[in-house]
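Take the two lone chains and join them into the complex the hints point to.
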Amino acid sequence: MRGFVFFCSLAMFFNACQTNFEPQALPILGNRDVGPSGDTIYHQIRDFSFIDQDSQVVNNATFAGKAYVADFFFIACPTICPKTSKQMLRIHDHFKTEPNLLLLAHSVAPKYDTVAALNRYARNLGVGSSKWHFVTGEQAKIYDIAGDYFSIAQEDPTAPGGFDHSGRLILVDKNRHVRSFCDGTDPEDVDRFMRDIEKLLNEK
Amino acid sequence: MADGTGLKGLIPPLAGADFLKNSPEAVPCIIRAGYKGKMTVNGQVYETEMAGIVKLSDFEITNIINYIHTAWGNDLPIVQLQQVREWLEPCEKAVKPF
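Chains A and B, in that order, are what the protein sequence lines are.
Here the first sequence is numbered in this note's numbering, starting from 1 and rising by one per residue.
Here the second sequence is numbered in this note's numbering, starting from 205 and rising by one per residue.
In short, the hints are calculated from the structure, not lab data.
There could be a bad hint or two in this list.
According to the in silico footprint, chain B covers these stretches of chain A (three or more CB under 8 Å from chain B) [to be verified]:
1) 82-88
2) 175-184
Now the stretches of chain B that chain A is said to cover, found in silico as 3 or more residues with beta-carbon under 8 Å [as the list claims (entries may be wrong)]:
3) 213-221
4) 241-253
Glycine is no exception: its CB is placed at the ideal position from the N, C-alpha and C atoms.
Only chain B is shown next, with the shape it has when bound in the complex (with noise of 0.2 Å):
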């Protein structure tokens, strides 16, 4: 959402998202490949699925990610393209939701 509140127990936070700081290595994977399964969030699980954006290059990635990083009150560490794109190496080919 547009405040990085998430839906419910439907869609998890950005804003203050304990996974964010815990887990950045998985970022750039989900934004670009989408998610299926469980996934916790600052204690809570959700499971809707999410949809990845192909399209979207490393260095959109980078800024992504470093737009979250900073936004609604979220203060993490400004991340290198060069790293993004570490990160990014053992991503699966980007699957589609169906």
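Bound conformation, chain A alone (with noise of 0.2 Å):
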């Protein structure tokens, strides 16, 4: 009994001690190097180019000095597209006006998703592309960029609708590091990943 009280008070302390501490800042995700200088060299979104839902040119550029949440989708998706949507449309709406964060959502069947499709997607969402970017583009540089989003897309004749992919929700920070990411179909992940946008919205 005395050795439990004594765990009970040790338990008490240390969660005593962690309240103290400043919340943790987010790591940068992902693999790293070291370059030729002994620096670090973390996991970076890659150069890429595509095209919105007006036409828009959406490159690296677009997001400069902000922090962005990228995903995978495709309009015909029947399996979890519809669940990812509503949550992004749920980070969307809780962001709407912070000018620091950005929306990038992915075709991954480009070839049916052209620029007046996810025009029309766009608008009976209600959203606008000066906040949330639909894209299109080269399948195969889309796909390519997938997994520097730690996500995946690919063409699959078996999966339903025809094509597969992952439904990562992805937090990319002006340096173009991954910051966080979650499941897009959980909105209890969800929930956890937007304390970590407000987070990386308060970093200095």
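Written as structure tokens, this is what we have:
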């Protein structure tokens, strides 16, 4: 019994300590390398250039000085996309007036999801390209860049709808580093992710 | 969606949808073969294509319809397997979205 009481007080002590810590900064995710001068080279989103629902070029410069949430989807997707789109919409609405956060949805079926189709999709969702870019482009380039976002995208005739992709939402900072991600089909995980977004936006 | 509310102007709701009440005979074929074109639900026009779920049996489709008819506050009649089979008769061969 005495041991148990001791254990409890110890646990309380540590809990009390923990609450005094500053909230930890978000990590920089992904593989690291060491550069020639000994510096750590962090995983970065590569250069890209796609076209959005308003026929605008969307590239790295579009997100200069801003953070963004990226995901992969396609319009006729019968499985997870409606769920992830609903969560992306939640993030959109929550950070609507936050100028330093944008959203970027990549179509994994770019041959079907044309600019016109994406435009209609965004319009029906009630969102605009000043905040949320829906992009199409060269399929191979989209599939390649999915890896940078720790996501997969591939054409697969056996998958429902003909395309396979992950439902992750990925948070990228102004230095093109991935700082957080979540399962876009799980509203609770998205709650945690939105707190991470707040944390990133509050970084100096 | 999990709460039957749909998604803005993209996906029509199932909860409180007048379409279910007015056109129950169309529902089994939509589940099996999908839907392309415009659809009006509760006065709003939707046009997002829906993929069918080809592998569902008549029995499974009946169960889904009865779930939809009674979930999220819906209070529509329970349908029988035989009725669903009749509704499925004119249903075109299941279409794939692409």
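Consistency of the hints with the structure:
Check result for the region 82-88 of chain A against chain B: holds, 4 residues qualifying (beta carbon to beta carbon below 8 Å, three or more required). Taking a C-beta to C-beta cut-off of 8 Å, the region 175-184 of chain A contributes 0 residues in contact with chain B, too few for the three needed, and the coverage statement is violated. Against chain A, the region 213-221 of chain B contributes 3 residues with a C-beta closer than 8 Å to a partner C-beta. That satisfies the three-residue criterion, and the hint holds. Counting residues of the region 241-253 of chain B whose beta carbon lies closer than 8 Å to any beta carbon of chain A gives 4, which reaches the threshold of three, so the coverage claim holds.
Checked against the numbered hints listed earlier, the structure breaks hint 2 alone; every other hint is satisfied.
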